[in-house]
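Number of protein chains: 2
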Amino acid sequence: MVRVFGMAESGNCYKVKLLLSQLGQPFEWIETDNTKGATRTDEFLRMNPNGKVPTLEISPGVYLPESNAILCYLAEGTPYWPSQKMQRARALQWMFFEQYSHEPYVAVARFILFFLKQPQHAELAEKQRRGHLALAVMEQQLAQEPYFAGENYCIADIALYAYTHVAGEGGIDLAGYPAIGAWMARVKSQPGHVPMRG
Amino acid sequence: MVRVFGMAESGNCYKVKLLLSQLGQPFEWIETDNTKGATRTDEFLRMNPNGKVPTLEISPGVYLPESNAILCYLAEGTPYWPSQKMQRARALQWMFFEQYSHEPYVAVARFILFFLKQPQHAELAEKQRRGHLALAVMEQQLAQEPYFAGENYCIADIALYAYTHVAGEGGIDLAGYPAIGAWMARVKSQPGHVPMRG
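Chain order of the listed sequences is A and B.
One point on numbering: in numbering that gives the first Met the number 0, the residue at position 7 of the first sequence is 6, and numbering is uninterrupted.
One point on numbering: in numbering that gives the first Met the number 0, the residue at position 145 of the second sequence is 144, and numbering is uninterrupted.
I should point out that these hints are in silico values taken from the structure, not numbers from a laboratory.
Hints may be right or wrong, so weigh each one.
Residues of chain B clear of chain A, computed beta-carbon distances all greater than 10 angstroms [what the hints assert, rightly or not]: (1) V1; (2) T34; (3) D41; (4) G60; (5) P103; (6) A181; (7) M183.
Covered stretches of chain A, as calculated for chain B (at least 3 residues, CB under 8 angstroms) [said to hold, decoys possible]: (8) 54-68; (9) 90-98.
No residue lacks a Cβ here, since even glycine has one placed at the ideal position from N, Cα and C.
In isolation and in its complexed conformation, chain A is listed as follows (with noise of 0.2 angstroms):
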C-alpha cells in the first residue's frame, strides 16, 4: 500500500487524497505538519531534499514528492490521465500554469490568511491581486469547455481544484467567475469526490 506523507490543509495534499480516492486506491495518510517543522527533518529530508509535502512513498524506500508529478504518475493508464496526445498537453499546460501562475498567489493568500492570520501582511493584496488574475484566465478556458482538457474531467481538474475550491479563505471572492463556480459543481459531482476536510 502507499503512504502519503501531507498535511490535511495543504491543497497539495489534498489533490493526492482526491485522485486516490477516486482511483479506489487505498493508502496510509501519514500527517506532516510543515507548519511545526516536520518537512525539515533530517529523516523527511532523505525522503526528499525538497523538504515538502505531499512525498508519496511508491515502496519502502522509494519516493516521489511534488503533488502533480504524484498524480500524473497514478493516473497513468487511468481514466484520470487523457489518452489523446493533445488533451495530455492540455493537462499538462494547465497543471504548470496551477504550481507558477496560480499556487503562489491563490495559495499564498490562504496561507497569510488562514494559517498565519495576519490580514495585515505586506504581501497580501498583491498575492491577492495576482490570483485573481489566475482565475480570470481559468475563467476564459471554462467558459469554452467543461475541463481543462477538455470534454472530460482529469486530473488537471483536481490540480486546479484544489486552492481554487478554498480560495475565499485568502479572501479571494470567486463571486465574479460563473464559469468556475459551475466547473466547481461538476468536480464535486464527480463519482469518488472526497472533501478536503472529513
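Position chain B relative to chain A; hints supplied.
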C-alpha cells in the same frame, strides 16, 4: 512546421529551441519580446490568455503554452521522454520542481540583474538565497546519478539546464556545486546541443 513564439534571451524559450534542435525538427521562431509588451497584445492573448512565452503553434490556430508542457508534448515517443513509468515520474518531479522551486528564484535574480540592471533591487538577495537552496537540492541528485531521471539525459535536464547555466547572470555563483558543473558539461556534450545564444 511548428512555430515558436519566444524570446531569445529567455531560458524558458531556450528549452523549446534546444529540444526541437536535438529532435532535428524544423521550426519557425517568432521573436516575441515580453519586456516590450509583445505578450500583452490582443492578438497574443488570443493565442495564450496567460500572456507568456514560449507558446507553441502546433498547427494554425492550435497553441500550447507552458515551456515544460511543450517539452513533454514534443518529446513523447522520442528518446527524450523516458520509456519507464518511474523515470517519467522522476522527470515530471524535476520539471515541477524547476517551475516552483528554481525558476522563480534563479531566473528572477537573472531578470533583476541582466534585464532590469538593478543590483540594489530590494528582492535580489532573497531570490539569490532561494536560488541557492534549489541548487543544493539539484547538487544532491547529481552527486548520485548522472541525470535528473537517472542514467539518461531527458527533457528534465533540458528544463533545469536552461536557467541553471546562466545563473551567474543573476549573481548566483555555481562554483560550489561540482556535480552541477559536471552535469552541465554532460548536457553540453549531447548530440544536437545548441547554445542559448547564436
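Going down the list of hints, with the structure as the test:
For V1 (chain B), the requirement that its beta carbon stay farther than 10 angstroms from each beta carbon of chain A is met, with the minimum near 12 angstroms. Against chain A, the non-interface label of T34 (chain B) holds: every CB pair exceeds 10 angstroms, the least being about 18 angstroms. At the 10 angstroms boundary, the C-beta of D41 (chain B) stays outside the reach of chain A, the nearest C-beta of that chain being 13 angstroms off. No Cβ of chain A approaches the Cβ of G60 (chain B) within 10 angstroms, the least distance being about 13 angstroms, so the stated non-interface status holds.
Not every C-beta of chain A lies more than 10 angstroms from that of P103 (chain B), the closest at about 7 angstroms, which undercuts listing it as non-interface. Residue placement check: A181 (chain B) keeps its beta carbon more than 10 angstroms from all beta carbons of chain A (closest about 18 angstroms). Its beta-carbon lying about 19 angstroms from the closest one in chain A, M183 (chain B) satisfies the requirement of being farther than 10 angstroms from that chain. Requiring three or more residues with a Cβ within less than 8 angstroms of a Cβ of chain B, the coverage given for the segment 54-68 of chain A holds, as 8 such residues are present.
Closer than 8 angstroms: that is the beta-carbon criterion, and the segment 90-98 of chain A has 6 residues meeting it against chain B, so the requirement of 3 holds.
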